[in-house]
Amino acid sequence: MKYTITLDKLATFFNSNLAEHDQIGYKLNGDYDDNCYFVQSLDVQNIHFEAIPTEIKKLLSADGMDSSNCYIYDGYLEFDDVIKLPYFNRVTPNQEYAVTFRITIKEKNGEKLDTKRLHTVFDMLNKE
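Following the working numbering, the numbering of the sequence shown begins with 34 at its first residue and continues without gaps.
Don't take every hint at face value.
Unchecked claim - Below, in silico cross-link-like pairs of lysine-lysine (BS3-like), each with a Cα-Cα straight-line distance of 25 Å or less:
no. : residue 1 : residue 2
1   : K91       : K145
2   : K139      : K90
3   : K90       : K160
4   : K117      : K139
5   : K91       : K139
6   : K145      : K42
7   : K141      : K35
8   : K42       : K139
9   : K91       : K160
10  : K139      : K149
11  : K145      : K35
12  : K90       : K141
13  : K90       : K145
14  : K149      : K91
15  : K160      : K139
16  : K117      : K42
17  : K149      : K90
18  : K160      : K35
19  : K35       : K91
20  : K42       : K90
21  : K91       : K42
22  : K149      : K160
23  : K139      : K35
24  : K117      : K90
25  : K149      : K35
26  : K90       : K35
27  : K42       : K160
28  : K35       : K117
29  : K149      : K117
30  : K160      : K145
Calculated directly from the structure, the hints in this document are not laboratory data. These numbers come from a predicted model, not from an experiment.
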């Protein structure tokens, strides 16, 4: 069976120089606030199950995202990090963003991956 991987990028402005990180309002472990913005969505289709971790890492690496900070939340794989990219403010290319990359994996019939297989993908990601 083949699968589709959808990556949704969410970001908020971040300043690592601030002493109190809870004042800047970024997404943390499933909680969003009004300062969290949608960046883009990407799809990769017709992927064999065994290739899913490799494809996820390719999607993450395009933005310099590390796959080590991965967790499962509400049926998704999510990755959190702080990166410097010109997502919203093109005149400040070194703007820091607290980002979450949310991965949805669907079967060919459109159903999301069940919990057991999602945990299998999670384990495969952490082994590589």
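Evaluation of the provided hints:
A hinted pair counts as satisfied when its Cα atoms are at most 25 Å apart, and K91 with K145 qualifies at roughly 21 Å. Distance restraint check for K139 and K90: the Cα-Cα separation of roughly 17 Å lies within the 25 Å cut-off, and the hinted pair is therefore satisfied. With a C-alpha separation of about 12 Å, the suggested pairing of K90 with K160 holds against the 25 Å cut-off. Taking the CA atoms of K117 and K139, the gap is near 30 Å; set against the 25 Å cutoff, the hint is violated.
Only pairs whose Cα atoms come within 25 Å are accepted, and K91 paired with K139 is accepted, the gap being roughly 18 Å. Taking the CA atoms of K145 and K42, the gap is about 18 Å. The hint holds against a cut of 25 Å. Taking the CA atoms of K141 and K35, the gap is near 6 Å; set against the 25 Å cutoff, the hint holds. Restraint check for K42 and K139: satisfied, since their Cα atoms lie roughly 17 Å apart, inside the 25 Å limit.
For the hint linking K91 to K160, the alpha-carbon distance of about 16 Å falls within 25 Å, and the restraint holds. A C-alpha spacing of about 14 Å is found between K139 and K149, which places the hinted pair at or below 25 Å, so the restraint holds. Distance hint between K145 and K35 is fulfilled; the C-alpha atoms sit about 12 Å from each other, no more than 25 Å. The hinted pair formed by K90 and K141 meets the criterion: a straight-line CA distance of about 21 Å does not exceed 25 Å.
Our distance criterion of 25 Å between C-alpha atoms is met by K90 and K145, whose separation comes to about 19 Å. Distance hint between K149 and K91 is fulfilled; the C-alpha atoms sit about 23 Å from each other, no more than 25 Å. The suggested pairing of K160 with K139 holds, with an alpha-carbon distance near 22 Å, which does not exceed 25 Å. Taking the CA atoms of K117 and K42, the gap is near 14 Å; set against the 25 Å cutoff, the hint holds.
For the hint linking K149 to K90, the alpha-carbon distance of about 20 Å falls within 25 Å, and the restraint holds. Pair hint K160 plus K35 holds up; C-alpha atoms about 22 Å apart against a cutoff of 25 Å. About 18 Å separates the Cα atoms of K35 and K91, which keeps this hinted pair within 25 Å; it holds. About 14 Å separates the Cα atoms of K42 and K90, which keeps this hinted pair within 25 Å; it holds.
Proposed proximity of K91 and K42 is supported: the alpha carbons are some 14 Å apart, at most 25 Å. For the given pair, K149 sits about 17 Å from K160 by alpha-carbon distance, which is consistent with the 25 Å threshold. With a C-alpha separation of about 9 Å, the suggested pair K139 and K35 falls inside the 25 Å cut-off, and the hint holds. Proposed proximity of K117 and K90 is supported: the alpha carbons are some 18 Å apart, at most 25 Å.
Taking the CA atoms of K149 and K35, the gap is about 17 Å. The hint holds against a cut of 25 Å. Note on K90 and K35: the hinted pairing holds, with a Cα-Cα distance of about 18 Å set against a maximum of 25 Å. At roughly 24 Å between alpha-carbon atoms, K42 and K160 fall within 25 Å of each other, so this suggested pair holds. A threshold of 25 Å between alpha carbons decides the hint, and for K35 with K117 the separation of about 34 Å lies outside it, so the pair is violated.
Taken as a hint, the K149 and K117 pair is broken in the structure, with Cα atoms around 34 Å apart against an allowance of 25 Å. A distance of roughly 23 Å separates the Cα atoms of K160 and K145; the hinted pair therefore holds under the 25 Å criterion.
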